[in-house]
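One line per chain: the protein sequences are A and B, in this order.
Going by this note's numbering, 101 is the number at position 101 of the first sequence; the sequence numbering is gapless.
Going by this note's numbering, 92 is the number at position 92 of the second sequence; the sequence numbering is gapless.
The set of hints was computed from the structure by calculation and includes no laboratory data.
There's no promise every hint is true.
As the list claims (entries may be wrong) - If you want the footprint, here are the derived chain B segments under chain A, 3+ residues with CB under 8 angstroms:
| # | region |
| --- | --- |
| 1 | 17–26 |
| 2 | 83–93 |
| 3 | 118–131 |
Beta carbons are placed, not taken as given, at the ideal position from N, Cα and C, and that holds for glycine.
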Amino acid sequence: MFKIKQALFLIFGITSFIIFYIGFLNYLKTQDSNMGLLILLFSVIVSVGTLLATFHVSKNLTKPIETLVQRMQDFSQTNIVTPNPCDDGGIQELHILHKNFEEMANKVGETLKKEKQLNIKLKEIDTRKTEFMSMISHELKTPIMPIMGYIQLLKKEELMGELNEKQMNALNEIAISTERLQKIIQDILTAQKIDLGKLSSEKENVQSRVLVENAYRAFYPYCKNKDVQLTMLLDTNDNVYSDPDRVSQVFSNLISNALAFLPEKNGTIKIGTLNNSDENVTFYVQDNGIGISDDQQKNIFKKFYQVDTSSKRKKEGSGLGLSICEGIIKNLGGRMWVKSTLNQGTTFFFDLPKAQVPVDHLDSLDKPSHSNHLAS
Amino acid sequence: MSKTLSKTKNQKSRLNILIIDDNEQITKLISSFLDMSNHDCTVVNDGKEGLELIKTNQFDSIILDLAMPEFDGYEIIDAIQKEDPLQMHKIIILTASSISIDIIQKFKNLGVSACLQKPIDIDQLLSSITDIAT
Ligand SMILES: Nc1ncnc2c1ncn2[C@@H]1O[C@H](COP(=O)(O)OP(=O)(O)O)[C@@H](O)[C@H]1O
Ligand SMILES: [Mg+2]
C-alpha cells in the first residue's frame with residue numbers, strides 16, 4: 001500500500017532528477033562553458049518546475065481524495081455528513097465523487113434515522129401493549145371476584161333460602177361461564193409473567209411418580225365419567241428437582257387438550273415417565289385423538305394460536321395453554337416438544353432435570369452431634 | 001388444655017370483624033355474608049381509615065386487602081408490626097394470585113393468621129375467622 005502523494009513524488013522526483021542529471025552530464029561534456037551552464041540552468045529550472053508542478057497536482061488531486069476518505073470515516077462513525085473542508089481543486093471527477101458521496105450518505109443517514117425512530121416506536125408500542133394487557137386483565141379480574149363470591153353465596157341454602165330447580169340451573173350456567181372467564185384471565189396473567197420473566201417457582205426434590213399420580217388422581221373421575229380410558233405408565237421413579245404446583249398446571253393443560261380432541265368413542269389417554277437420560281426425566285401425555293399436522297406443530301406453542309378448523313371440533317380456550325406450558329417447563333430448566341400423526345394421535349413430552357444426590361450426610365459425619373455437646 | 005376455657009371462648013359466637021378493601025363490591029359481599037352468618041362487620045374502603053380503626057377499636061379479626069391505592073395493606077402491616085404487634089394474629093390477608101410465595105411466607109413469619117387467595121372462597125374465609133376466635 002502506498003499513498004498517491006508518495007507515488008507522485010516518486011515518479012516526478014525521479015523524472016526531475018533524470019532531467020537534472022542529463023543537464024549536468026551535458027554541462028560536463030560541452031566545451032562551451034557558457035552553453036553548458038545554460039543547459040545546466042535550464043535543466044535545474046525544468047526539474048524544480050516539475051517538482052513544483054508535482055506539489056501542486058498532488059495538493060489538488062490527493063487533498064480532495066484524502067478529505068473524501070476522512071468524510072467517509074466520519075460518516076461511518078457518526079452517521080453525520082461533515083461539510084467539505086476544501087474545494088475540489090477544480091477536478092471535475094472528484095467534485096462529482098464528493099457530491100455523490102454526500103447524496104448517498106444523506107440517504108443512508110435518513111434511512112438509519114427512520115429505522116431508529118421506528119425502533120423506538122416499536123418498543124413504546126410493546127411496553128404499552130404489556131401495560132394494556134396487565135391493565136385489562138386486572139380490570140377484568142376485579143369484578144369477577146364479587147361475581148364468584150355471590151355465586152357461592154347464592155348456593156348457601158341456609159343463608160339465602162332454597163333455590164328452585166330452574167334457578168339452580170341458571171346459577172350453574174353463570175358459574176360455568178364465570179369460571180371459564182376467570183381461567184382465561186388467569187392464563188393471560190400467567191403468560192404475561194412468563195413474557196416479563198417474572199414467573200416464580202418453588203423447586204424441591206420430588207419423586208417423578210408423585211407428579212404423574214397427582215395428575216392421574218385429578219383427572220381420573222372426569223375421564224371415567226366421560227368413558228375415556230386414562231392410564232399411567234411409569235418407566236422411572238427418579239427424583240426431579242422441580243415445582244409440583246407448576247408441573248401439575250402443565251399436566252392439567254395437556255390432559256385438558258387431549259380430552260378436547262379425542263374421538264367420540266374409545267378415547268384413551270396415557271400419562272407417564274420415560275428414563276431417557278442421566279440428567280432428565282421425560283414426562284408425557286399421549287392421546288389417540290385427531291392429531292396435529294407437521295405444519296401446525298410448528299405453530300401450536302405460539303401465544304393465542306389455535307389450529308384453524310371450520311369443522312365441528314371444539315374451539316374453546318384462548319390458545320394460551322401450550323405457550324404457558326412451554327414457558328413453565330423452560331422456567332423449570334426443561335424443554336417441551338410434540339410428536340403427532342394426523343388422525344392417529346398426539347404425544348406431548350417434557351423434560352425435567354433430575355435431583356442431585358444429596359451430599360449433606362457427608363459433612364454431618366464429622367460434626368459432633370448436639371447430645372455430645374450437651375453432655376460435655 | 002383446659003376444655004372449659006376453650007368452651008367459654010367458643011361461647012362468644014358473635015364476632016366483631018373489620019373489613020379493609022378498596023373494592024366496595026367485595027366489602028359488600030363479605031359483609032353481607034358475615035352479617036348473614038351473625039357477625040358484626042365494620043367496613044372501610046380506605047387504608048388510612050382502616051389503620052385508625054385498628055388503633056382505636058378492638059376487633060376479633062381483621063380482613064385486609066393488600067393492593068389498595070395510596071395506603072395499602074403492606075403499609076398497614078408495617079404499622080401494626082411497629083406499633084401493636086399483638087394484633088398481628090387477628091389479620092386475614094386477601095391476596096391477588098400474583099403475590100409471590102416468598103411474600104406470603106414473610107407475612108406468615110410476622111404472625112399473620114391466614115393468607116387467602118382471591119377469588120375468595122367464602123367458606124374458607126369464615127373458617128379462618130372462627131379459627132382466630134377459638
Ligand atoms: N392433544 C391435542 N390434539 C390435537 N390438537 C391439539 C392437542 N393439543 C393442542 N392442540 C392444538 O393446539 C392448539 C393450541 O393449544 P393450546 O395452546 O392449549 O390452546 P387452546 O387449548 O386454548 O386452544 C389447540 O387449539 C389445538 O388446535
Ligand atoms: Mg389448551
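Hint-by-hint comparison with the structure:
{"no.": "1", "hint": "17–26", "result": "holds (count 3)"}
{"no.": "2", "hint": "83–93", "result": "violated (count 0)"}
{"no.": "3", "hint": "118–131", "result": "holds (count 6)"}
When held up to the earlier numbered hints, the structure conflicts with hint 2 and nothing else.
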